[in-house]
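Chemist: Each chain, written out:
There are 2 protein chains.
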Amino acid sequence: IVNSWKLVHSGVVALYEMGRADPRKFVFAVKMGFSLALISLVIFLKEFGSFSQYSIWAILTVIVVFEYNVGATLSKGFNRALGTLSAGGLALGIAELSGGQLHEIVTVTSIFVIGFAASYIKLHPKMKPYEYGFRVFLLTYSIVLISGKKSSTTFFNTAFYRLMLIAVGAFVCLVVNICIFPIWAGEDLHKLVVKNFRGVAKSLEGCVNGYLQCVEYERIPSMILTYQPMDDPLYSGYRAAVQSSSQEDSLVDFAIWEPPHGPYRTLHYPWKNYVKVAGALRHCAFMVMAMHGCILSEIQAPEEKRQVFSNELRKVGAEGGNVLRKLADKLEKMEKLGAVDLLLEVHEAAEALQMKIDEKSYILVSTDRWDPSKKPKPAEDPDHVQQLKDTDNKDFVFTSLSEAVDFGEAPLLQRGMDSRTQSMFRSGFGPPLPHWTSTESVFRKSAMQWPSHMSIHADLGVPDAAVTENECRTYVSASSLSLATFSSLLIEFVARLQYLVDSYQELCTVAGFKEPAAEPAADSKGPAAV
Amino acid sequence: IVNSWKLVHSGVVALYEMGRADPRKFVFAVKMGFSLALISLVIFLKEFGSFSQYSIWAILTVIVVFEYNVGATLSKGFNRALGTLSAGGLALGIAELSGGQLHEIVTVTSIFVIGFAASYIKLHPKMKPYEYGFRVFLLTYSIVLISGKKSSTTFFNTAFYRLMLIAVGAFVCLVVNICIFPIWAGEDLHKLVVKNFRGVAKSLEGCVNGYLQCVEYERIPSMILTYQPMDDPLYSGYRAAVQSSSQEDSLVDFAIWEPPHGPYRTLHYPWKNYVKVAGALRHCAFMVMAMHGCILSEIQAPEEKRQVFSNELRKVGAEGGNVLRKLADKLEKMEKLGAVDLLLEVHEAAEALQMKIDEKSYILVSTDRWDPSKKPKPAEDPDHVQQLKDTDNKDFVFTSLSEAVDFGEAPLLQRGMDSRTQSMFRSGFGPPLPHWTSTESVFRKSAMQWPSHMSIHADLGVPDAAVTENECRTYVSASSLSLATFSSLLIEFVARLQYLVDSYQELCTVAGFKEPAAEPAADSKGPAAV
Numbered sequence: 001i002v003n004s005w006k007l008v009h010s011g012v013v014a015l016y017e018m019g020r021a022d023p024r025k026f027v028f029a030v031k032m033g034f035s036l037a038l039i040s041l042v043i044f045l046k047e048f049g050s051f052s053q054y055s056i057w058a059i060l061t062v063i064v065v066f067e068y069n070v071g072a073t074l075s076k077g078f079n080r081a082l083g084t085l086s087a088g089g090l091a092l093g094i095a096e097l098s099g100g101q102l103h104e105i106v107t108v109t110s111i112f113v114i115g116f117a118a119s120y121i122k123l124h125p126k127m128k129p130y131e132y133g134f135r136v137f138l139l140t141y142s143i144v145l146i147s148g149k150k151s152s153t154t155f156f157n158t159a160f161y162r163l164m165l166i167a168v169g170a171f172v173c174l175v176v177n178i179c180i181f182p183i184w185a186g187e188d189l190h191k192l193v194v195k196n197f198r199g200v201a202k203s204l205e206g207c208v209n210g211y212l213q214c215v216e217y218e219r220i221p222s223m224i225l226t227y228q229p230m231d232d233p234l235y236s237g238y239r240a241a242v243q244s245s246s247q248e249d250s251l252v253d254f255a256i257w258e259p260p261h262g263p264y265r266t267l268h269y270p271w272k273n274y275v276k277v278a279g280a281l282r283h284c285a286f287m288v289m290a291m292h293g294c295i296l297s298e299i300q301a302p303e304e305k306r307q308v309f310s311n312e313l314r315k316v317g318a319e320g321g322n323v324l325r326k327l328a329d330k331l332e333k334m335e336k337l338g339a340v341d342l343l344l345e346v347h348e349a350a351e352a353l354q355m356k357i358d359e360k361s362y363i364l365v366s367t368d369r370w371d372p373s374k375k376p377k378p379a380e381d382p383d384h385v386q387q388l389k390d391t392d393n394k395d396f397v398f399t400s401l402s403e404a405v406d407f408g409e410a411p412l413l414q415r416g417m418d419s420r421t422q423s424m425f426r427s428g429f430g431p432p433l434p435h436w437t438s439t440e441s442v443f444r445k446s447a448m449q450w451p452s453h454m455s456i457h458a459d460l461g462v463p464d465a466a467v468t469e470n471e472c473r474t475y476v477s478a479s480s481l482s483l484a485t486f487s488s489l490l491i492e493f494v495a496r497l498q499y500l501v502d503s504y505q506e507l508c509t510v511a512g513f514k515e516p517a518a519e520p521a522a523d524s525k526g527p528a529a530v
Numbered sequence: 001i002v003n004s005w006k007l008v009h010s011g012v013v014a015l016y017e018m019g020r021a022d023p024r025k026f027v028f029a030v031k032m033g034f035s036l037a038l039i040s041l042v043i044f045l046k047e048f049g050s051f052s053q054y055s056i057w058a059i060l061t062v063i064v065v066f067e068y069n070v071g072a073t074l075s076k077g078f079n080r081a082l083g084t085l086s087a088g089g090l091a092l093g094i095a096e097l098s099g100g101q102l103h104e105i106v107t108v109t110s111i112f113v114i115g116f117a118a119s120y121i122k123l124h125p126k127m128k129p130y131e132y133g134f135r136v137f138l139l140t141y142s143i144v145l146i147s148g149k150k151s152s153t154t155f156f157n158t159a160f161y162r163l164m165l166i167a168v169g170a171f172v173c174l175v176v177n178i179c180i181f182p183i184w185a186g187e188d189l190h191k192l193v194v195k196n197f198r199g200v201a202k203s204l205e206g207c208v209n210g211y212l213q214c215v216e217y218e219r220i221p222s223m224i225l226t227y228q229p230m231d232d233p234l235y236s237g238y239r240a241a242v243q244s245s246s247q248e249d250s251l252v253d254f255a256i257w258e259p260p261h262g263p264y265r266t267l268h269y270p271w272k273n274y275v276k277v278a279g280a281l282r283h284c285a286f287m288v289m290a291m292h293g294c295i296l297s298e299i300q301a302p303e304e305k306r307q308v309f310s311n312e313l314r315k316v317g318a319e320g321g322n323v324l325r326k327l328a329d330k331l332e333k334m335e336k337l338g339a340v341d342l343l344l345e346v347h348e349a350a351e352a353l354q355m356k357i358d359e360k361s362y363i364l365v366s367t368d369r370w371d372p373s374k375k376p377k378p379a380e381d382p383d384h385v386q387q388l389k390d391t392d393n394k395d396f397v398f399t400s401l402s403e404a405v406d407f408g409e410a411p412l413l414q415r416g417m418d419s420r421t422q423s424m425f426r427s428g429f430g431p432p433l434p435h436w437t438s439t440e441s442v443f444r445k446s447a448m449q450w451p452s453h454m455s456i457h458a459d460l461g462v463p464d465a466a467v468t469e470n471e472c473r474t475y476v477s478a479s480s481l482s483l484a485t486f487s488s489l490l491i492e493f494v495a496r497l498q499y500l501v502d503s504y505q506e507l508c509t510v511a512g513f514k515e516p517a518a519e520p521a522a523d524s525k526g527p528a529a530v
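Going down the list, the protein sequences come from chains A and B.
Going by the working numbering, 206 is the number at position 206 of the first sequence; the sequence numbering is gapless.
Going by the working numbering, 275 is the number at position 275 of the second sequence; the sequence numbering is gapless.
It should be emphasised that the hints constitute simulated quantities derived from the structure, not laboratory data.
Incorrect hints may appear among the rest.
Which copy is meant is left open, because identical chains are indistinguishable; a pair holds if it fits in one copy or across any two.
[As the list claims (entries may be wrong)] When the alpha-carbon atoms are kept at most 30 Å apart in a straight line, the in silico BS3-like pairs for lysine-lysine are as follows:
{"#": "1", "residue 1": "Lys126", "residue 2": "Lys6"}
{"#": "2", "residue 1": "Lys128", "residue 2": "Lys195"}
{"#": "3", "residue 1": "Lys356", "residue 2": "Lys126"}
{"#": "4", "residue 1": "Lys191", "residue 2": "Lys126"}
{"#": "5", "residue 1": "Lys333", "residue 2": "Lys514"}
{"#": "6", "residue 1": "Lys122", "residue 2": "Lys360"}
{"#": "7", "residue 1": "Lys191", "residue 2": "Lys315"}
{"#": "8", "residue 1": "Lys315", "residue 2": "Lys6"}
{"#": "9", "residue 1": "Lys195", "residue 2": "Lys315"}
{"#": "10", "residue 1": "Lys202", "residue 2": "Lys333"}
{"#": "11", "residue 1": "Lys336", "residue 2": "Lys360"}
{"#": "12", "residue 1": "Lys202", "residue 2": "Lys126"}
{"#": "13", "residue 1": "Lys128", "residue 2": "Lys272"}
What you are looking at is a predicted structure, and each value in this text was computed from that prediction instead of being measured.
The following block holds chain A by itself, in its conformation from the complex (with noise of 0.2 Å):
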């Protein structure tokens, strides 16, 4: 009983907490028992007589056409009407037709017909949207022809009644949903769009700072590698960006339905240019989501390079997030982006980062197995400077192996580790590091991730030490490369900001949005400082 007890009180607490979330369930809710209320109240009150029997058409248009939002519930309200139109017009032609002995033969062998139709065409995925069309279409079709059986009379008398009271139904339903606290489906889809601008902002924000802690997941969450949702603050932004797609699109087919309202005035609202918008930021998350990718390998650049790259990187992520954070004000209050340019910042932050980039890409590649031949050769009085080249690059990749195999050995062995892993470590990270310490924590990861590996190759019979050591090496020596990869996804999301602004100029124009406030940089800027 205790136990039954504290799941009730913990279901309360549940629906308690949805209803401070979102308060709109608890008014949709409302308006939903407010209806049934209502029609029930019209039934008793208006007495029927006869034909009471249909009162229940009533109901089950309420019940059914009664939808969260506006546009959901006059789309159905819409194919509602239609279906039951065209099938009680179909419905009274055959059965004009088929008086007579043969009446249910003929009535029979056309349902299977129609059955048959409808639910064939309803499977075209250019039907999708009529669905609940079909459905209605096919329920009244065999109601009106199997009720028709005794006469004419009764037969008209169904399909009029049951048209009266659906239409009285969802009359009930449209009033109540129009005029009392409407939820917008469009409305809905703008506050989306604005959500997923700020999620991805911040995702990115949490990405390069992450990358530049060298935050590490101690055990990558199985819920990432398989992509469900986690509450991970750096991945569930740009996950809802990226998942939100099918969202926006039924919120789309819902709010063309409905009236212009609020700040939404035009007749068409170009509601299609703001999926537009979110589109062309799914595609800015992508690369969040890759950079992400970065963190989660198991290659990982050692955090002494990264620190090379420290300030630039953060300042690229920084400004990449407040271009999104100003888009995201911009679109909430419905503004043109105005005279400045948005990117100006972000751009020049790139510019700096690839300046930086080009000045130590050295950091990025490991040179120790660099063939001097092949070596960039200036095409000025070659022999010479590949000479020098020459003699330089053999001393050096001489000395650097030797000197990693003997700093990384001694205190490795010390800890106790197999030869296996230690092999692993001998031929990784091209240049010998200042600091030896903080490669360990690279590492130690690896060390950490492999055995599980290892112990499959062991387990189906193919315990080739040479192959998995070989592939540790190839892991381990890719981490140079990882840095670079990193930065050059940064450049990359970077330059998708463009698509991206330009939907969102596509869409103040079409949208008619208005001009920005004649201060636009001091309060845009307020939020991104947060």
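Got chain A sorted already, so can you dock chain B onto it with the hints?
Modeler: Okay, now just chain B, sitting in the frame of chain A:
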């Protein structure tokens, strides 16, 4: 008339094509028609007499419960039964209590309260699978209470007949749906996952080959930029895998309702594990998506640089696709992986790629801006080596930059390009390349795409040539790293395959897949060679 005839004709053709592509849709429609005909026949044959007015319930149940696959039908049937029974019981209880004068007030109030509670609870995310049950609950409750106005006898009659006819309808539905050519959600899920494996494999190979052939989009379709469906072989493969997550979720919700059937013989078949494998595949598909991003990017590595890694990249792509195809075949046949290590070849290929990158990493970076003092220093005898290096490097930087300008300017001026694009060119592409001709394709592209961007700046009143020029420089000089990014993403893709194989093996174990046939290598290599 001709037009409308054409419209009808094309509609018929589209429907015929749909039936040919998936005959099960045709079967479903026939079954639906048959069920309806059957139920109307039952109603005609049994002269129900006084309660023929309730025949509507049987028809309504068939139309509402009859769904495409068995799982959905069972789930809806269960919801319907649960909703009807609990609402009926509650309504009878309330009606008994509320005899007397206040009857109507009590009824309307209770409808309001129940309508509110049911609508509110069903909005909770956890209640989503039972949404239909709540609807039925409300419907039954309202109708039973309202019809109960007259007397206690009709009251119980309503409830009883209603229940009986619903049972008849549900029985017809289930028998027809399960016994005649059943369509299983589980089978659909299985096929969907197999299809996605093949789609990702195709996308992967297409991306790698396309990258090596320097496929360029004349103009990137805005469908891709806004992530909308498009018929591009590279794009549709991974997009399908990424987008199918909601479809998988709904299929798995239905599949768990289905009884053991066909090859899925255990009672609690691990459908969730199929979704998990699909999620791991999605995790891999994101990397393919990022690789496709490299092709879409405005920042493109020059062709001859790509050619350097051509064999290795191609090999990794082919082997990666191979692994996915083999997994698809195994999954289709429901076989275990067997003793062979599926990843052996792709790991070897990835290792070869990594070795090559280590060897030739100077290709991936532009060395001309390297700060000489920051060059990687061998720890042994640093002074001597450094000295050599400094001389070498300064020389090199100087000559290569002047070279680049000398080489670059002449042909470009001949082509009549303006100074802005020249400066773009001058700053890009670090080390001088052996053949200038091939880089022009990259360059031509930049020249083609940037102007639109620049004109936007001009429109907005920021005709700051210096800024634009800097931006161009940023993007163009990033081109060298683009190849590194592509390779790095490919290697990360290979690393992610491990988790995919692990989750496949988990599925094998829990679902009890059979051991592979004696000679799996011969036939599973077949499709990969195609």
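Chemist: Check each numbered hint against the structure and report the violated ones by number, ascending.
Modeler: 3, 6, 8 and 11
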